[in-house]
Structure formats: structure tokens, C-alpha cells
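Chain A is fixed; fit chain B onto it per the hints.
Listed in order, the protein sequences are those of chains A and B. Number 14 in the working numbering belongs to position 14 of the first sequence; there are no gaps in the numbering. Number 96 in the working numbering belongs to position 96 of the second sequence; there are no gaps in the numbering.
Simulated from the structure, these hints should not be mistaken for laboratory data. Keep in mind that a hint or two might mislead.
[Said to hold, decoys possible] Heads up, simulated DSBU-like pairs for lysine-lysine below, C-alpha to C-alpha not over 30 Å straight-line:
#1 Lys16(A) with Lys366(B)
#2 Lys19(B) with Lys158(A)
#3 Lys280(B) with Lys16(A)
#4 Lys217(A) with Lys205(B)
#5 Lys366(B) with Lys182(A)
#6 Lys112(A) with Lys19(B)
#7 Lys182(A) with Lys226(A)
#8 Lys253(A) with Lys217(A)
#9 Lys19(B) with Lys134(A)
#10 Lys16(A) with Lys205(B)
#11 Lys134(A) with Lys366(B)
#12 Lys280(B) with Lys158(A)
#13 Lys158(A) with Lys214(B)
#14 Lys112(A) with Lys205(B)
#15 Lys182(A) with Lys217(A)
#16 Lys214(B) with Lys16(A)
#17 Lys171(B) with Lys280(B)
#18 Lys244(A) with Lys217(A)
#19 Lys214(B) with Lys112(A)
#20 Lys31(A) with Lys205(B)
[Claimed, not checked] Now the stretches of chain B that chain A is said to cover, found in silico as 3 or more residues with beta-carbon under 8 Å:
#21 204 to 216
#22 269 to 283
[Said to hold, decoys possible] Here are some of the chain A residues that sit facing chain B, going by a computed Cβ distance under 8 Å:
#23 Ser80
#24 Leu82
#25 Ile103
#26 Thr138
#27 Gly141
#28 Gly142
#29 Val270
Every residue, glycine too, gets a C-beta built ideally from N, C-alpha and C.
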Amino acid sequence: MSDHAAAVEITRLVKKFGDFTAVGGINLSIKQGEIFGILGPNGAGKTTTINMILGLLTPTSGTILINGMEMRRHGANVKSLLGLMTQETVVEGDLTARQNLRIFADLYHVPKDEVDSRIELALQEADLVDFADKQAGTFSGGMQRRLELVKSMIQQPKILVLDEPTTGLDVQNRSGMWTRIKELNRNGVTVILTTQYLEEADVLCDRIAIIDHGSIKAIGTPTELKRIVGKGRILELIAEDPAKAPAIAALLKSHFRLAAEVKGDRITTVIEENRIDILTSITGALDRKKLDVASVSLHLPTLDDVFIKLTGAGMRDTASNDAVSARSNIFRGMSGRR
Amino acid sequence: MGLLSDSYTLFTREMLIFKANLRTNIVRSAIFPLFIILIFGNINTTYKNTPVAIVNYANNPQSLAFINDLQINNDVNLVTVTNQQNALQMLQTGQVQAIIVILPTYPTLSPGVKGVQVYYSNTQVSVVAALLPVVNATAVQASGLVAPKPQTVPVSMVQSDAVYAGQSSYKTFLAAGIIPMVVIFSALFAGGLSMITDRQMGNLKAFLITPINKNAIIIGRVISSGVQGAFSALIALAIGIAFGAGVAMGTIGVVWLIVVAFLVTIGFVGLAMIIASRVKRVDAYAIFSQAIGLPLWYAAGGITPIASLPSWILPVTTIDPLTYATQITRGVMMQGFIPFNELVFDLALLTGIGLVFLFISMRMFKSTLD
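Next comes chain A alone, as it looks inside the complex (with noise of 0.2 Å):
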């Protein structure tokens, strides 16, 4: 149990349902006090890998270190050391908040003397104070998923697992949670993340590891994973009138044959890398045609091109757009609390 050790050593780790694989020989090192993304399309094996870790199920074959220690050897002690929440919100809402929060208390065998002390810490982070005593079945969803929260920290973990903690979050709340998320890893929790949200990904983790099929297809920081799509940078425009999208398309063809695509208002394309400067150009040669934009942007690949890119098919549509709105939102959220 070095300080050394990584949070979670993974190696040559394999499961199998009868016949079907569903985790296929992966090796994966999370190190202590990072934030580590683990990608994939449904069915990818990410559940059954946090299963693992989890101690919820034994590996076909393989090994799992926590902290240096085996789940095997060491049940009670590893499981001590992480936490996990779901996507699902895990309170019982006959229970009033400080109830769960003893349960839990109870359930990690948190020392007596240490468990009143460590609810209302708890209750005060989860801003519930007012409603300890209120049955968690009245309160609203990001309060519910506070009180979550705070309940899978009570044994205080090392490792934080969240199987996509913001599904089905307001954008406020999704704020929050990555607020929180942040705070955590900043007192030197190690956080592993599943998400759909790409973005999120994004912002959030230090490192993510794309997989696909039971298999690593991709282990980096979020911008070494982008360069895996090329060098260059996503131009994208909106027009100020969707009628002269195509026009614009036209425009950048004919004057700076770069091949655009046109959706609705947006156009985009691909500008290489070295050439960064023809921006100003094309600015200016709108402007001399009176073709009005509402939007320029200039931006890495996102994620989403590299998932597309590495597992063949891209995560639901829906999910990322909402992705993409939420962070916009958040941002002017964020700066409007401050």
C-alpha cells in the first residue's frame, strides 16, 4: 500500500460470459490523483471493466491492483478505498437524508466515534442541512444527486469510480457535479469516469482511454487523442442568414478552395494547420460580400472526431449536441453565479 503503487493497476485483464468477451486482455494504469476518462459506445466493455475494479465481479483472468493490494486478498481493505456512483440516483427516499448517510456510514464500517462528525460534514458539502431530517423521496433531483454524492464519499475513498455521473443532470446541477468532481480530485481523490457526454471527457479528465470491442483502442490526454484525427483545425461559421449558407460554402470553394459543409446555418471545413492566417482572409472577403455571420469559430477536433475515427461509429448525437449546448450554458451559468 505505496503511496508509489498506481491507484489502479490493470493488467492483462479478461472476462468472459460463456462464450462471449467481453473484456479482452486489457493493461491500464491509472495514476494516483488524476482524472481518468474511460470512452466507449454501449456494449464497449467500460461497465464490466468498473465492475472489476469494483470487486462486483471476479475476472475470467487477469489482475487488478488497487493501491498495490488485490481485491482478492485484501476484500475488505481495497473496497474501503473506493467509491462509486452511478448513473442511477442510489438514495432511498423512504430514508431522510441523514438515515442514508448512516447506512452508508455504517455499511463502510466508518469508526463510531467518527460517523455522527463525518453526516453532518456531509450534509453541509450536499448543502442539505436544512432538509437532513426530511425524507430523501421529497427532495429534488440535483438534491437527490447531491445527498448521492456525498453518501458514496462517506468512507472518504481514494478512488472515486462515477459511471456516468451527469446523465440525466440539469445544466445547473451538471455544473455543480463537475465543480465537485474537480474539488474532490484537487484533495487528491483519484477520479475514474465513464461518460457518454464527450465533452465532458474533455473537460474534465486528465487522461482517457477509448475502448471499443473489450479492447484499448486509445490511451492520452484529450488533445494527444484529437491528434489522432490530423493536424488541423475546424473552421465553423454561422450565417446570420440560413438562405446564404450555401453561398458562403460557395465563397470559401471558390476563393480558398477549401471543400465546406453545409447543415442548416453552419458551415464547416478543415483548415490546415499552417495556414491559420487565411482566417482574416476569409473575414474580410465575407464582409466585402455582404455575407453577414453570427458565428466564427476556430477549434481543435473534438473528441467526437476521434471516437468516430477509432470505433467506427459515433456516441448518440443527441447525447454530444447536449453536451455541447450544457457546456455553453454552463459557462454563462458559472460567470452569472460568480
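For chain B alone, coordinates are given in the frame of chain A:
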């Protein structure tokens, strides 16, 4: 920090949830005994609303007085029919539940010459049981005879059932039979259903990643279900007593009922969890538990004496744990005593079945995790 304290924590959780839903749980435990005792418990006193055919072959002042007496003074719902053949047909089709035939020999009444003949449908045995004495007494009175000794009164058919005899009433018989049923339904719902919802909601996963002993999840649930089962039994008993049932054994009898309820629950929660570990859907589970609970209750003689059950069901009765639970509740509530060897046998059997189910459910719970 071992199995016991983990089990206790989960026991506490179940009990807190039970307490949070106390009203629902009371209603659930009360509704069956309430309706069953109200409806079935009063069956033997409701002849007043039952249509009865009357055929008057005597047609003399005494016979008319007899009919009048039945109708006016005893509220028997009489339907006048001209001949016995038609009346029998009506009985067959269920239009009437009994036929009173006043023979031409009436008002002569003696064991040799029966002045009144009563035919009845066996489906309404308890109605007729109440009706017969009334017909008897009225016939004697209207004939102008001085009432003879009971055994010389010419009753055409006498239905007697040892179960209803003695100090006890059919209501007590029913209440004693309902207690095991309320208990198994409490067990099938509390144990299995909550297991399925816990799995669906992710609570089970949340428990499994804590450093507790996995068996604590089963044990905590089983014990809390046992307490809830005993609670249900007490509610059923309270309703039974409110409607006129009694506990012949007194306070110690109530303690015995709690013990039996607890043991039955443990066995059936084990069974419930065996089903719940295979049936993953709440609606399918509900059908399963009904399909298991109700037949076992009937087969155990919960509502009718075992003696009057059809013979093909008797093998089920023999292997049905509820049979032995019902034997104790009936002993406690109706007879006021249980023969010692019978008690030992019944309790050992219930405990044994409970432990076997518990053991299997633990094994199956572990095997479903992978």
C-alpha cells in the same frame, strides 16, 4: 465488525423503510383479514338473505301458520313453488339455496313420520347449518305440539362439523387460518419484492461494493421480514378479535402466534429470495408470489377444514409448511392447547424448512452476482 453488525445495519435499514411506510403496511396486513372475516366469517348467519323455496302439500291451517311464522318472525326469504320437481330444478340452477317441503302428513311430526322435508345444496352448507334449527323449531311450534326432546325432533338432515363445535366459532377458525396467509404474503412481498427493487434501483450494487459480508444482505432482510411478518400477524389477530374471534390459550397463545409468524416468514423470505434471484421483473414476481402463496394457503386448510378439501390436494397439504403453521395457530386459538409432540414436530419442521430455504437463497444470491 462482522456478519452480525453488518446484518444489524441492514436490518435497521429495512425496518426504517418499513416504518416510513407504516400506514401502507398496516393497510396491507389488515385488508385480507378484514374482508375474509367480514365475508366468510359471517356466512353462517346470513340465511336471512338466502332465497328458500317452499312447497306446501299439506295446505292446512297449521302449514300456513308454519310458513307465516318462517316469513314474518324469522325473515326467511321464501319463494312459493307449486311442486317439488320445480323446486328441485330451482335448487339445481342456484335460484334457491334450499327447499322446504311441507308433506301432506303435517302437522304430524315424529321420527317415523316426517312432516317436513328439507333439501339443500351442499355448496351452501354453512347457510343451511344456520337455517335448519330455525325450520325445525318453527315447524314444531306451528304444529301445535309441545316441543319434544331435541333428539326426537324430525330434522331431515343435520350437518355437523367438529371444527365448528365446542367453544369455538367459525370466525376463530378463519382468523387462525388467515394469520399464516398474511404472514406469507408479508414475507413474499417484503423479502422478494424489495430485493428486486433494490437490484433495479442500484441499492444492491451500492451494498455489494461496501466491505460487508455478502450474507449480511440476506440475513438483515430475513430478520427484518420476520419482525414485519410478526407485526402483520398481530394486526390480523387484532382484526379477528375485533370481529369476534378468540385466543383460547390467552396471552401465552399470542406469544406462540408471534413465534410461528416469525418462523414462517423466515422460511418464505428464503423462498421469496430464491424466486427473486431468478425473476428479475416486479410484475412477473408478483404473479409468481400469488401463484405460490394462495394455493399453499388453501391447501393448508386456511379457509376450510382439511377434512373437507378434495383428496387430490392432500399430498400438497402434507408437504405445505403452512399446514403445520396453521396447525399451531388453530391449536392456540381454538383448542387452547397443542399436544407437546405435535408442537415440537411443527416447530422443528418450520425451522428446518426456514434454514434450508435460507441456505439455498444465500447460495443462489452469491451465484447470481457473477
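Now the hints, each set against the structure:
A distance of roughly 18 Å separates the Cα atoms of Lys16(A) and Lys366(B); the hinted pair therefore holds under the 30 Å criterion. Between Lys19(B) and Lys158(A) the CA atoms are separated by roughly 35 Å; this puts the pair beyond 30 Å, and the hint is violated. For the hint linking Lys280(B) to Lys16(A), the alpha-carbon distance of about 22 Å falls within 30 Å, and the restraint holds. Straight-line distance between C-alpha atoms of Lys217(A) and Lys205(B) comes to about 29 Å, which keeps the hinted pair within the 30 Å bound.
Proximity of Lys366(B) to Lys182(A) is assessed by CA-CA distance (about 36 Å); at most 30 Å being required, the pair is judged violated. Taken as a hint, the Lys112(A) and Lys19(B) pair is honoured in the structure, with Cα atoms around 24 Å apart against an allowance of 30 Å. A distance of roughly 22 Å separates the Cα atoms of Lys182(A) and Lys226(A); the hinted pair therefore holds under the 30 Å criterion. Only pairs whose Cα atoms come within 30 Å are accepted, and Lys253(A) paired with Lys217(A) is rejected, the gap being roughly 35 Å.
As the CA atoms of Lys19(B) and Lys134(A) are separated by approximately 14 Å, the hinted pair is consistent with the 30 Å bound. At roughly 20 Å between alpha-carbon atoms, Lys16(A) and Lys205(B) fall within 30 Å of each other, so this suggested pair holds. A threshold of 30 Å between alpha carbons decides the hint, and for Lys134(A) with Lys366(B) the separation of about 35 Å lies outside it, so the pair is violated. Of the supplied pair hints, the one linking Lys280(B) and Lys158(A) is violated, its CA atoms being roughly 34 Å apart against a limit of 30 Å.
Among the hinted pairs, Lys158(A) with Lys214(B) is consistent with the structure: their alpha-carbon atoms are about 23 Å apart, no more than 30 Å. With a C-alpha separation of about 24 Å, the suggested pair Lys112(A) and Lys205(B) falls inside the 30 Å cut-off, and the hint holds. Pair hint Lys182(A) plus Lys217(A) holds up; C-alpha atoms about 26 Å apart against a cutoff of 30 Å. For the hint linking Lys214(B) to Lys16(A), the alpha-carbon distance of about 23 Å falls within 30 Å, and the restraint holds.
At most 30 Å may separate the alpha-carbon atoms for a hinted pair to count; Lys171(B) and Lys280(B) exceed this at roughly 39 Å. In summary, the hint linking Lys244(A) to Lys217(A) is not supported, as the alpha carbons are separated by about 41 Å, beyond the 30 Å threshold. The straight-line distance between the Cα atoms of Lys214(B) and Lys112(A) is roughly 21 Å, inside the 30 Å bound, and the hint therefore holds. Among the hinted pairs, Lys31(A) with Lys205(B) is consistent with the structure: their alpha-carbon atoms are about 25 Å apart, no more than 30 Å.
Residue count for the segment 204 to 216 of chain B with a Cβ under 8 Å from a Cβ of chain A: 8. That meets the three needed, and the coverage hint holds. With 0 residues having a beta carbon nearer than 8 Å to a beta carbon of chain A, the segment 269 to 283 of chain B misses the requirement of three or more and the stated coverage is violated. The closest approach between the C-beta of Ser80(A) and any C-beta of chain B is roughly 5 Å, which is under the 8 Å cut-off, so the hint is satisfied. The beta carbon of Leu82(A) is positioned within 8 Å of a beta carbon in chain B (closest approach about 7 Å), and the interface hint is therefore held.
Evaluation of the Ile103(A) hint against chain B yields a held restraint, the C-beta minimum of about 5 Å falling below 8 Å. For Thr138(A), the shortest C-beta to C-beta distance to chain B is roughly 11 Å, which exceeds 8 Å, and the interface hint is violated. Below 8 Å, beta-carbon pairs count as interface contacts, and Gly141(A) has none with chain B, the closest being about 15 Å; its hint is therefore violated. At about 18 Å, the closest approach between the beta carbon of Gly142(A) and any beta carbon in chain B exceeds 8 Å, and the interface hint on this residue is violated.
Restraint check, Val270(A) versus chain B: the minimum CB separation of about 43 Å is more than 8 Å; hint violated.
Hint compliance for this structure: hints 2, 5, 8, 11, 12, 17, 18, 22, 26, 27, 28, 29 are broken, all remaining hints hold.
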